[in-house]
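Colleague: Here is what each chain is made of, one letter per residue.
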Amino acid sequence: MNRFALAFRLPIIVWQILFFLGPLIFMVAMSFFLVKNYRMVEAFELKNWVKMMTRGYVWDSYWLTLALATLTTVAASLAAFPAAFYLAFRTSESLRRWVIFLLIIPFFTSYLVRTFSWYVILAESGVINGILGWLGLGPYIMLNTMFGTIVGYLTLTLPLVVILQTVSLANIDMRLVQAAQNLGCSSARTLWTVILPLSRTGLMIAALFCFILAFGDFVAPYYLGGSKPPTLPILIIDTTKSGQQWPRAAVVAVMMMVTLFAIAFTTIVLAYRKRTSK
Amino acid sequence: MTALVKIDAVEKRFGDFVAVRCMNLSIDQGEFVAIMGPSGCGKTTTLRILAGLEQPTSGKILIGGRVMNDVSAHQRDTPMVWQSLALFPFLNVRENVEFGLKMRRVAVQERSRRAIDWLERMEIADLAGRMVDTLSGGQRQRVALARALVTEPQLLLLDEPLSALDAHLVIRMQGVLNRLQRELGITFIYVTHSQSEAFAMADRVVIMNNGGIAQVGSPRDIYRTPANRFVAEFVGRNNILTGNATVGGIDTAVGLVKTTHSVTTGSAVTLVIAADQIAISRKPAPGAVETKLISEEFVGSVVTLFLEAGDGTEFKVQLQERALAELDIHSGGSFHLTWPDNIAHILPISPS
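Chains as they are written, first to last, in this note's numbering: chain A, 1 to 278; chain B, 1 to 352.
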């Protein structure tokens with residue numbers, strides 16, 4: 001490596017070490033610290049790990065978070081697909097560009113603001129219950145429920161999933177779809193025989209992004225889900241607040257990191273796996 | 001022979017652009033027809049209309065006597081071999097070949113057997129388990145052919161299938177295609193921009209220009225008697241002279257050209273003289289056109305000489321490479337061109 005190349009790479013390497021690798025190592029180390037008289041003490045004890053791993057509520061929280069994130073991923077992928085399909089195959093390229101631009105606009109606003117705006121819609125005296133009241137139905141409780149949490153997750157993930165799916169579908173070589181039709185495959189059937197196999201990588205990466213965002217999000221379960229029952233990010237906040245238990249919160253954080261790492265690794269391997277010749 | 005395919009007054013527009021204009025063509029069962037023309041002439045669009053991948057704006061398509069306009073692509077039995085081959089990258093060779101059978105709900109074992117049969121026929125049975133991206137160009141070509149033919153269609157559409165292959169493979173695949181077509185006795189409609197491919201394989205050649213048919217005929221007819229100036233210029237190496245018919249022959253820029261054809265005195269005519277029909281000599285002769293050598297093109301055993309007459313008229317002369325020695329072409333000086341009176345072909349329509 002010549003000197004210039006090194007000079008260009010150095011800032012990013014330093015940045016990564018200082019602000020990513022360093023804190024990560026510190027967090028893992030902290031999970032072995034102890035708290036005495038509300039003060040953190042450097043130590044190397046397994047107490048926090050034993051305590052958190054043997055608590056039922058930690059595992060309840062873990063499975064709940066996993067289930068909600070999975071449900072959101074399935075719901076977002078299914079809800080996004082018809083839109084992405086329409087954008088990729090049934091619109092002109094210029095309209096597609098405009099719609100993708102419109103889908104980026106939500107990201108201009110803070111996610112927190114977007115989450116709060118659901119209050120107006122989901123509240124007991126909100127828009128939906130107002131309309132349902134007119135029809136003599138409801139009111140239904142939607143805020144501070146798991147439904148609310150999932151609405152929040154979808155607010156965060158859906159535009160991104162639509163964009164990623166659209167891009168991967170739009171990149172499909174239409175000649176392959178036509179070749180399938182030419183060989184006797186009806187348009188509807190090309191979805192299974194050609195379109196899904198060809199867009200598999202992009203669709204799986206879109207789902208992975210959705211899962212990562214939902215799994216780590218604390219805004220939706222906090223403001224729309226009412227923190228009950230707590231997801232892992234809520235558990236982290238609660239643990240730090242109660243008795244300054246940063247080390248125990250670090251245990252939960254490490255659990256989340258390991259889980260995400262495993263899921264991301266598996267998904268990417270599966271998404272890019274190519275069949276081999278025999 | 002009965003007509004398998006009938007293209008009846010078909011027109012195809014994309015907005016203002018007319019891709020195919022008022023096309024009429026009838027193709028017999030078992031015929032090998034090549035559709036040839038420059039890019040954008042409408043040849044591929046014609047093929048796609050036959051496959052149902054484009055709808056004609058007006059006119060009718062009949063296959064086997066049945067009007068196909070309202071039959072969607074997947075219900076037609078018109079497999080196509082694509083220029084890009086369009087093999088499915090997520091399927092292996094055998095599964096690619098089986099695809100058409102699977103769509104027709106042929107039982108698993110039956111379709112596997114038929115796919116392997118075709119791979120054997122194409123001499124690539126040992127590649128059955130390979131993924132297509134690990135194959136060479138020639139091997140992929142054979143997979144594409146097997147995939148299209150496995151359903152035993154009456155008609156095979158081929159869209160420049162050999163354009164991506166190396167020259168030596170093209171010759172081999174031409175042999176494979178010709179053999180297959182004769183053995184199966186099915187109709188091939190072969191779109192190409194390559195004259196050598198079209199002339200080498202086809203029973204009948206359709207020359208298209210600007211969305212319309214410029215000429216239909218046997219390769220020999222088209223080569224020797226082009227129907228119009230476009231065909232004369234597009235096909236082969238033709239010399240084109242324009243002039244006015246007079247009593248003694250045709251008065252052109254290079255002098256009076258004698259002809260055995262009967263022409264109305266006073267009419268403007270276009271003469272076509274094939275480059276391989278012109279005799280070239282160092283010695284002046286009565287009636288010969290005197291020219292200077294501009295350049296030469298060497299393609300194996302055949303050489304084309306580009307020459308220019310005193311008034312700027314260009315001539316192309318084709319001759320055998322071994323005939324070059326006695327001409328001593330690089331020593332400068334004049335070349336004298338002659339051709340038999342009965343050779344110059346006179347175009348029936350005036351130059352466009």
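Don't read these hints as lab results, they were simulated from the structure. Beta carbons: idealized from backbone N, C-alpha and C, even for Gly. Don't take each hint at face value.
Claimed, not checked - For each label pair, taking beta carbons as the anchor points, the in silico distance ranges come out as: (1) 299/B with 93/A: 41 to 47 Å; (2) 93/A with 237/B: 50 to 56 Å; (3) 128/A with 67/B: 37 to 43 Å; (4) 85/A with 15/B: 24 to 30 Å; (5) 86/A with 3/B: 27 to 33 Å; (6) 164/B with 86/A: 31 to 37 Å; (7) 24/B with 93/A: 33 to 39 Å; (8) 179/B with 85/A: 40 to 46 Å; (9) 278/A with 67/B: 53 to 59 Å.
Colleague: Does each hint hold? Answer for all of them.
Modeller: Status of each hint after checking the structure:
| no. | hint | in the structure |
| --- | --- | --- |
| 1 | 299/B with 93/A: 41 to 47 Å | holds (43 Å) |
| 2 | 93/A with 237/B: 50 to 56 Å | violated (43 Å) |
| 3 | 128/A with 67/B: 37 to 43 Å | violated (54 Å) |
| 4 | 85/A with 15/B: 24 to 30 Å | holds (26 Å) |
| 5 | 86/A with 3/B: 27 to 33 Å | violated (42 Å) |
| 6 | 164/B with 86/A: 31 to 37 Å | holds (34 Å) |
| 7 | 24/B with 93/A: 33 to 39 Å | holds (36 Å) |
| 8 | 179/B with 85/A: 40 to 46 Å | holds (43 Å) |
| 9 | 278/A with 67/B: 53 to 59 Å | violated (45 Å) |
Hints 2, 3, 5 and 9 from the list above are not met by this structure, while the remaining hints are.
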